[in-house]
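> Protein chains in written order, with full-length UniProt numbering: chain A, 1 to 281; chain B, 1 to 49; chain C, 1 to 315; chain D, 1 to 354.
Honestly, I wouldn't trust all of these hints.
Said to hold, decoys possible - The calculated lysine-lysine pairs, modelled on DSS-like cross-linking and capped at a C-alpha distance of 25 Å, are: (1) D:293 to C:93; (2) D:219 to A:279; (3) D:203 to D:5; (4) C:68 to D:5; (5) D:219 to D:336; (6) D:31 to C:112.
Honestly, the hints are just simulated from the structure, not real lab data.
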Amino acid sequence: MQNPYLPYPVRIDEIITETEDKNLKTFKFVFLNPEDEKKFAYKSGQFGELSVTGKGEIPIGIASSPTEKGFVKFTVNKVGLVSSFLHTMKVGDIMGIRGPLGNWYPWETMEGKNVVIIGGGFAFTTLRSSIIYMLDPANRSKFKDIHVIYGARSPGMLLYRDELAEWEKRDDINMHITVDGTDDPDWKYNVGFVPTITEQKAPSSDGETYAIICGPPIMIKFTQPVLDNLGYSHDQIIMSLENRMKCGIGMCGRCNIGKEFVCKDGPVFTLAELNNTPKEY
Amino acid sequence: MGIEPGRLHFSWVSSAEATKFIEVVNEVTEAVRALGPHDNFVKHMPKVA
Amino acid sequence: MVGYTDKIREISERLLKEGTVDMVIGFRQGSMPMMNEPCFAKRPEDVEKLTWDSNCGINLANYLTDRKEKIGVIAKGCDSRNIVTHIIENKIKRDQLVIIGVPCKGMIDRRKITSMFETEILSVAEEDGKVIVKTGDAEKILEKEEVLQKNCAVCIHRNPVIYDELAADLVEEQKDIDRYADIREIEAMSPEDKWNYFDDLLSACVRCYACRNACPLCYCPTCFVDESQPQWVGKTTDPIDTKTFHFLRAYHCAGRCTDCGACERACPVGINMRTLTKKLEKDCFEYYGWEAGLTLDARPPLDAYKPDDPEDFIK
Amino acid sequence: MKVIKIDKKDWADGLAKLSGGYRLFGPVKDKEFHNFKELDNGELPDFDFSNTKLSAKSMVFPQAEAMFKYSLDENEADHHIMKEAEKDYSPRAAIGIRPCDAAAFLLVKKNFDTPEYKDPYWINAYEASVFVGLACNNPCSTCFCTSAGCGPFHEDGLDVLLADAGDYFLAKVITDKGEKLLQAAGWNTEADAGEDQIETLKKEAEAKITASVNTDGLKDKITTELYDAPFWEDVAFACLNCGTCTYVCPTCWCFDIQDETHGTSGIRMKTWDSCMYPLFTLHGSGHNPRGTKVHRVRQRFMHKLKYYVDKYGDGIQCVGCGRCIRLCPVNIDIRKVCELMNSYEPADAACQVA
Numbered sequence: 001m002q003n004p005y006l007p008y009p010v011r012i013d014e015i016i017t018e019t020e021d022k023n024l025k026t027f028k029f030v031f032l033n034p035e036d037e038k039k040f041a042y043k044s045g046q047f048g049e050l051s052v053t054g055k056g057e058i059p060i061g062i063a064s065s066p067t068e069k070g071f072v073k074f075t076v077n078k079v080g081l082v083s084s085f086l087h088t089m090k091v092g093d094i095m096g097i098r099g100p101l102g103n104w105y106p107w108e109t110m111e112g113k114n115v116v117i118i119g120g121g122f123a124f125t126t127l128r129s130s131i132i133y134m135l136d137p138a139n140r141s142k143f144k145d146i147h148v149i150y151g152a153r154s155p156g157m158l159l160y161r162d163e164l165a166e167w168e169k170r171d172d173i174n175m176h177i178t179v180d181g182t183d184d185p186d187w188k189y190n191v192g193f194v195p196t197i198t199e200q201k202a203p204s205s206d207g208e209t210y211a212i213i214c215g216p217p218i219m220i221k222f223t224q225p226v227l228d229n230l231g232y233s234h235d236q237i238i239m240s241l242e243n244r245m246k247c248g249i250g251m252c253g254r255c256n257i258g259k260e261f262v263c264k265d266g267p268v269f270t271l272a273e274l275n276n277t278p279k280e281y
Numbered sequence: 001m002g003i004e005p006g007r008l009h010f011s012w013v014s015s016a017e018a019t020k021f022i023e024v025v026n027e028v029t030e031a032v033r034a035l036g037p038h039d040n041f042v043k044h045m046p047k048v049a
Numbered sequence: 001m002v003g004y005t006d007k008i009r010e011i012s013e014r015l016l017k018e019g020t021v022d023m024v025i026g027f028r029q030g031s032m033p034m035m036n037e038p039c040f041a042k043r044p045e046d047v048e049k050l051t052w053d054s055n056c057g058i059n060l061a062n063y064l065t066d067r068k069e070k071i072g073v074i075a076k077g078c079d080s081r082n083i084v085t086h087i088i089e090n091k092i093k094r095d096q097l098v099i100i101g102v103p104c105k106g107m108i109d110r111r112k113i114t115s116m117f118e119t120e121i122l123s124v125a126e127e128d129g130k131v132i133v134k135t136g137d138a139e140k141i142l143e144k145e146e147v148l149q150k151n152c153a154v155c156i157h158r159n160p161v162i163y164d165e166l167a168a169d170l171v172e173e174q175k176d177i178d179r180y181a182d183i184r185e186i187e188a189m190s191p192e193d194k195w196n197y198f199d200d201l202l203s204a205c206v207r208c209y210a211c212r213n214a215c216p217l218c219y220c221p222t223c224f225v226d227e228s229q230p231q232w233v234g235k236t237t238d239p240i241d242t243k244t245f246h247f248l249r250a251y252h253c254a255g256r257c258t259d260c261g262a263c264e265r266a267c268p269v270g271i272n273m274r275t276l277t278k279k280l281e282k283d284c285f286e287y288y289g290w291e292a293g294l295t296l297d298a299r300p301p302l303d304a305y306k307p308d309d310p311e312d313f314i315k
Numbered sequence: 001m002k003v004i005k006i007d008k009k010d011w012a013d014g015l016a017k018l019s020g021g022y023r024l025f026g027p028v029k030d031k032e033f034h035n036f037k038e039l040d041n042g043e044l045p046d047f048d049f050s051n052t053k054l055s056a057k058s059m060v061f062p063q064a065e066a067m068f069k070y071s072l073d074e075n076e077a078d079h080h081i082m083k084e085a086e087k088d089y090s091p092r093a094a095i096g097i098r099p100c101d102a103a104a105f106l107l108v109k110k111n112f113d114t115p116e117y118k119d120p121y122w123i124n125a126y127e128a129s130v131f132v133g134l135a136c137n138n139p140c141s142t143c144f145c146t147s148a149g150c151g152p153f154h155e156d157g158l159d160v161l162l163a164d165a166g167d168y169f170l171a172k173v174i175t176d177k178g179e180k181l182l183q184a185a186g187w188n189t190e191a192d193a194g195e196d197q198i199e200t201l202k203k204e205a206e207a208k209i210t211a212s213v214n215t216d217g218l219k220d221k222i223t224t225e226l227y228d229a230p231f232w233e234d235v236a237f238a239c240l241n242c243g244t245c246t247y248v249c250p251t252c253w254c255f256d257i258q259d260e261t262h263g264t265s266g267i268r269m270k271t272w273d274s275c276m277y278p279l280f281t282l283h284g285s286g287h288n289p290r291g292t293k294v295h296r297v298r299q300r301f302m303h304k305l306k307y308y309v310d311k312y313g314d315g316i317q318c319v320g321c322g323r324c325i326r327l328c329p330v331n332i333d334i335r336k337v338c339e340l341m342n343s344y345e346p347a348d349a350a351c352q353v354a
């Protein structure tokens, strides 16, 4: 019987400070046992439990893409006991990862369709994974138009800035980067909240388009009516939820919304599914 | 709750009374050392199943 | 005290009809012998469920914390003292409350009665200072005086200390009570015996925190036992952690505890944790002449400064 | 099925034989009440009880148990790597577990033993256990097992059912595991008409159960309507949000994972947790999806009486042991709440009927 609570040992290989407030860092991990990397076969949208020995575990979306080999990446916001300690750790330190956990964005359903990715703040991690995955030469032809609407408070709070710039240059992806506000005269992208930019830039749904939304509750609350107006049906609006988790495998009982566990039956749900559950997220 | 008398001391020491501070600390240290170690509140690894 | 119910309903109905209060907090008949359930009435017709007898031991001040409505609250002596403490500590405003005072003759100790019978108790009734207990095969009449909760037996504030309405005439306060006999016994023990006594006292604790949650003083947004940064106390039932919880909780109640007995009453495994809080209550009384919750006009001893404090424990 | 007669004078000898091959657990009186514990060497289970205060769940699901151990000492080769804690999964036997507590394990098993993931701690302990149940001849007034899919002589989840028949026990063999245990104890006299005797005792015991709940309507209720029902404020008002109901419940399985260190060594533990506690669901951001008492009380009852019903299609997550009713400090009664839920009709639907 495989013990689902036992983390794979990993070494921190690289740490990148992502945002100007230094609260978000991306950790690149290498598995100590190469065979563990094979066991950690994941899809974009899944998460893992980062295990800091002596402190505990935190559930974090996987920021790397299954098409990137030899490592896994997680971007961690400094909030609680474990994440704060993780932010003090150094390259070379040993810790653990459990997973991959949860479900993923419905890649097979979305094949042959347009995909609109809408993200806000630091909830862009599994969306990065998704973009890298879709842009991979082996996968790009599976999807029609790809739009990305991504917003943060200010230019310095955007994650993965170098990659965003590269994607901007490509013609097989439509980037709509935005910030709530900036006094930077050289800012060459959008200014405005994500729902507003979505209204202006997102394609209307023709039944052939899926929207993936990931962000703070307030952003989701105001983006949803915009998508309704654009004609998206609720089973084509895909959301990734967050709840407090411990076990990650649907057993410890805290992350449920109705009978579904966000950790095991989610974190990815369609809005149609969420309409039928209590709003305990 | 099971702490012996003599293990707890209270003193007023003003910030200007460095000498008194040294005396008090030495007295307290000696008094507590004379009592020996107090293990009641020492926690070890929890005994769990 | 059985006749109190009618008067409580009458006052409550009036307050709700007049719109003086948005809700009345009181008790309704429980589903088990010797158990009543705290409840609220928001409409005049709801007052029919309100009841009063010697099984209303839960401290209703606990249900007032941070509420915004105008509330009528039923209060026996200890409840009223905790309401005073709540007002002093800004957990509720005096002008939000209509206090319906209930002069109290003590609550019955359901644990004591249960332990007196071999088989399950099916009903308990009260009449003229007697308690009539029925089991499947027996009936026994007990003197209520003999089955009081331990804190009620030594209570010297049975009448509410603050009230706007009264549900009955004031009762005579108990006099010449030796309130601290049990505490003196513990005080006389050697340090080692004390340690063993508390070790044994707390050994059954499952860390459910019923005592803390039943206590009207324990309203901290995050209790120290739940803090993770730093984590003061471990999360298992390790004896050191369990003791740390109980000792520190007791200290947090020093100078505030009214010995209402809610903690003991709530404990599912019957721990007499009042031996901890009562020692501190005794010290506050003996060192500072202080009894918690008697007046709105004085600060409790541990948050007030007096230049003439004898401080004879400081060298 | 085979029924063995065990003379009470042979009881202690048999248990002594068993203690060679099994770790024995049973009800023992500790100060004022009975608890279900591992028996000390030579200690006999005390059957003079109606039910233990805490359920027998700790035999399989201890309040705190080590999962992993590790070293934080960087001089050690495998520092900061989790290693399995030593566990004792040698055979263990519950002697005198009530049928409700044994049946509860079957409900909890659905949570810990799933097609996708298996909790090794729970499953290993469960599989190492033999359950010798003690039938209830005298159920309490708060027991509603017969309407919660269980009963005083319920056999599901047991390996042997013991019925106290005065000078002797009747031991009904339910599984091979149970038969092996009886043989190991040297109890092998078949009782005459044992099944009939047990059946008589069973009927007598069932007749004594007066409490019941109706659960037939729960399945067809709409989750979100039940969730929005107006009665929750009233149901939750008295609740203190202590964890008593969840700690004493044989079917409550929620847990926490905690690290604890001492010097440079540490363990990772699985510990009981409770949906009654605000911290159970508090996000790092400070947001709490179940931030109020009403949320938390509703979660407990909705989980047991609706979510579980919908998820597994196999009745409620309750065996009717009545502990939460007896031990709730403020007398919140699951029977009343179940009735409210089972009979709930949303106001607009009721208008249509009228």
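> For every hint, state whether the structure bears it out.
Do the hints match the structure? See the list:
| no. | hint | in the structure |
| --- | --- | --- |
| 1 | D:293 to C:93 | holds, 22 Å |
| 2 | D:219 to A:279 | holds, 20 Å |
| 3 | D:203 to D:5 | holds, 20 Å |
| 4 | C:68 to D:5 | violated, 66 Å |
| 5 | D:219 to D:336 | holds, 18 Å |
| 6 | D:31 to C:112 | holds, 13 Å |
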